[in-house]
Amino acid sequence: MNGDLIVQNAPALLIAVPLLAAFSMPLVGRISRFARNLWAVLAMGFTAFFAAVLAYAVYTTGTVIYVFGAAAPHLAIPLDSGGIPVRIVFTVDAMGALMELIAAIVGLSVILYSLAGDSGRSRLESYYTLFLLMITAVFGMVSTGDLFNFFVFLEISALASSALVAYRIDHGRAVEAGIKYAILSTLGALLVLVAVGIFYGQYNFLNIAAIASRMQYTLLDEIALALLVGALAMKAGAVPMHFWTPDAYSMAPSSVTAMLVVTSQASLYGLFRVIFSLYNITLNASTVGWIIIVLGVLSMVVGVTMALPQKDVKRLMAYHAISQTGYMLLGVGVGIAVLNDPAALSAFGFTAMSGGIFHIFNHAMYKGLLFLTAGAIIHRVGHQDMNRMGGLGHTMPFTMVFFIIGALAIAGIPPFNGFASKLLIYESVFLFNPLLSIIAMVVSVLTLASFVKVFHSIFMGPRLPEYTEAEEVPLSMLVGMGILAAVVIVFGIFPEVVVNVLIEPAARALVDQGGYIAAVLGGA
Amino acid sequence: MLYNVPLITVALLALIGLFTILTRRNLVKILLGLTVFESSVNLFLITLGYREGGIAPIYTGAPSPFMVMPTVQALTLTSIVIGVATSAMLLSFAIVIYRRYGTVDTEKIRRLRE
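If you read the sequences in order, they're chains C and R. Counting from 51, one number per residue, gives the positions in the first sequence under our numbering. Counting from 1087, one number per residue, gives the positions in the second sequence under our numbering.
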């Protein structure tokens, strides 16, 4: 009985718990430091618990609907409304549940990490308030079934993340990165709002499923698609709209950067949701697919080549994040390009999509881990310049091991999770177009080369005199990194189980537009 | 023609806003451009809410049963509130930048790229 109640209300609780905790944080913070830390961990712990419960329910019983203001989920369309879903509906299908798992795992490890990692900063109440708001926004973006609601959560994420990027001020440099990110996010969100207006003007709905069921693919819809793809690809950090990424990622505190990766993935999720659930077969699949593929290949190549000469460890990782986003776009782009061709879709398109979606999950894990290790190093060394680091392997063995795990995973070396998803992408994309697959492999090799260099300059070599007192980071930071490292290893060792249980249902849910519509509108 | 006046205004405002964002070097002017662009989007939304012959959904003594859903009005209000929050944050960023750099010229604010 109680269990049912929790499952039924999980989508709302996912938003309510972090939101409530965020705004009560300044009050709780006045009691004591311990109370504040406990409050943050409890809030994130409960949120992660609800996310896990919800994901389990979605994977076992199918799409979960939550209707705000209605007594039961089947009242998504009020009886007297003439078939119009007037209420705000949360629609969590397998893809949304997967994104929620990502946000829960990364959010939990980042909160644990930041207990010690950020304890030296001032005004931590506002830090945790903004952080929990960011988590709220991510959960909102991936579970909402309402376009305007998506815009609102996009704006919340933009506000909270840009405030966190600028949090350190750092002689104004962090604020410079923050204002750049804030202006671009606001502009992007306004473009999304214009698209929402276009949809409302034509169809009189805001519900994604309801619009999808009446989608005509007129000229106005094409304009809306262009606006949405442009804005969301920018938020996801795809080339050529990537220039905010290295600034924001390198200037934000490391724990925030790990979470920024997740917000970028949530924007990517929004992009895929728009393409698959809103337009699906109505669109000119090969054109849109190729646009996404080209964005992906550009991101891969430009990202990795820009990463090679970087001296700042977090800036380098940020360029690699752009490059890895390219893999996801490539994988899913191939899936889109063959969307109207069932034979090709089942032959390789579906595998490519699974690879791309699996890579979203893996990227959030290993990239989060890498940014956290970078944060641990900066925490001890006090600057981000790799040329002035060295010999840290003597004093920080655990951090070094976590870094190796993350670096091998991003380079796609077995038995880590990056290998599993990249292999899926290579195999299936090769059937679509061999050249694309070869580019992806070359980028992987360059990624490995770049990380070997980073590893060497940070950890290898003799002990440097200026870092003799540098020691291993506190336990809570290690626990935070350990969670992510464990996921990276487990998912790398059992990729088939993970793909079968988690990834394929997600990819299926994304392709299955009819199922998404039926879940909300009831068999329409 | 008369019906299109609001939409023409929307397009003009959006162009003015975008032009300001892209061509100005003064940070405060860029933020003003962003606000103008935002106003154009709000005006666009509220324009969509006008339906000929529709009346406001107030049931007491309504002259006809055909009423217009006030969805876009609600959207616009939400969007205005979000806009205020964004402008406040962006302007406070601009203040911090002016204090640290002594200028709001975007050509001179480039410590990140050094």
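For the record, the hints were derived by calculation from the structure and aren't laboratory data. Don't take each hint at face value.
To be verified - Straight line, CA to CA, 35 Å or less: simulated DSBU-like cross-link-like pairs of lysine-lysine:
1. C/Lys361 x C/Lys503
2. C/Lys503 x R/Lys1115
3. R/Lys1194 x C/Lys503
4. C/Lys361 x R/Lys1115
5. R/Lys1194 x R/Lys1115
Predicted model only: the values in this text are computed from it and were never measured.
Going down the list of hints, with the structure as the test:
1. With a C-alpha separation of about 11 Å, the suggested pairing of C/Lys361 with C/Lys503 holds against the 35 Å cut-off.
2. Restraint check for C/Lys503 and R/Lys1115: not satisfied, since their Cα atoms lie roughly 43 Å apart, outside the 35 Å limit.
3. For the hint pairing R/Lys1194 with C/Lys503, the CA-to-CA distance comes to about 33 Å; that is within 35 Å, so the pair holds.
4. Distance restraint check for C/Lys361 and R/Lys1115: the Cα-Cα separation of roughly 34 Å lies within the 35 Å cut-off, and the hinted pair is therefore satisfied.
5. Annotation: proposed proximity of R/Lys1194 to R/Lys1115 holds, straight-line Cα distance about 15 Å (limit 35 Å).
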